[in-house]
Amino acid sequence: MNKEKIIIFGTSKVAEIIYRCILDDTNSRWDPVVFTVDNNYRTESEKFGLPVVDFENIEKEYDTEKYKMIVAIGYHKMNRIREQKCAEAEKKGYQLVSFVHSGADISSNVEIGKNTVVLNNVSIGPFSKIGNNAFIYNGATISHHVTVEDNIWITSGTVIGGNSSVGSNCFLGINSTIAHNICIGSNNFIGANTVITKNTDKDSVYIVPDTPKYRLTTEQFMRMFQFD
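FYI, our numbering numbers position 2 of the sequence shown as 19, with every residue one higher than the one before it.
No lab work stands behind these hints, which were simulated from the structure alone.
All C-beta atoms in this analysis are idealised placements derived from N, C-alpha and C, irrespective of residue type, glycine included.
Among these hints, one or two may not hold up.
Label pairs and their computed distance ranges (CB to CB) [stated by the list, open to error]:
1) N180 to G110: 34 to 42 Å
2) Y223 to S29: 20 to 28 Å
3) D122 to R232: 41 to 49 Å
4) V212 to S124: 19 to 27 Å
5) Y223 to N19: 44 to 52 Å
6) N19 to D41: 13 to 21 Å
7) D122 to I98: 45 to 53 Å
8) M239 to E78: 58 to 66 Å
9) R37 to K83: 17 to 25 Å
My request is simple: use the sequences and hints to build the entire structure.
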């Protein structure tokens, strides 16, 4: 396979994960050749043997006709920083690409936008639509006829039921569950282990309390229940 050369925007853990997943996926069509980041965030000149170049001047060294880009940064300010950098990259003339791991189980008629990442063991059912700049981590399940809008972060273990929708600039935490036929408003923070069974308004936050500490020590607990 002739792979296409891409630039990875970012040098943080997110960029490291995307870089490693692309390399590990032997069916990937992408060949990362350089990292880029804003000058005031650049702390190294090389990463994993690849150059790290100032984003301000990236197009002078890497022709927009020969290289494409993926913006691989986190969900800061509800994904708006990543959204902004996507716009800046496109303004420079770069085509934004998506990375869909070959180990994801995705129906053949699912629509996926640009600068979207779908990692291994994600399941997306028929007639679903995934927007631009959505990051979907390992083990998430998106059922049938689901619409996920732009600038989204969906973490591992998230489940979205059929006929549901997730508005733009949302964060869905680990093991969160969205029931069937639910509309999640834009700019929602859905915390880990949260269960949503009713439609939500925009700018809403849903979190659940931590599991309380049990009164016994580990040794007392194991002795009481004869685990050892």
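Outcome of the hint check:
1. N180 to G110: 34 to 42 Å: Given about 39 Å between the Cβ atoms, the range holds.
2. Y223 to S29: 20 to 28 Å: Given range 20 to 28 Å: holds, Cβ gap about 26 Å.
3. D122 to R232: 41 to 49 Å: Hint holds: Cβ distance 43 Å, inside 41 to 49 Å.
4. V212 to S124: 19 to 27 Å: holds, 25 Å
5. Y223 to N19: 44 to 52 Å: Given about 46 Å between the Cβ atoms, the range holds.
6. N19 to D41: 13 to 21 Å: holds, 19 Å
7. D122 to I98: 45 to 53 Å: violated, 30 Å
8. M239 to E78: 58 to 66 Å: Once the Cβ atoms are compared, 60 Å apart, the range 58 to 66 Å for E78 and M239 holds.
9. R37 to K83: 17 to 25 Å: About 24 Å separates the Cβ atoms of R37 and K83, which means 17 to 25 Å holds.
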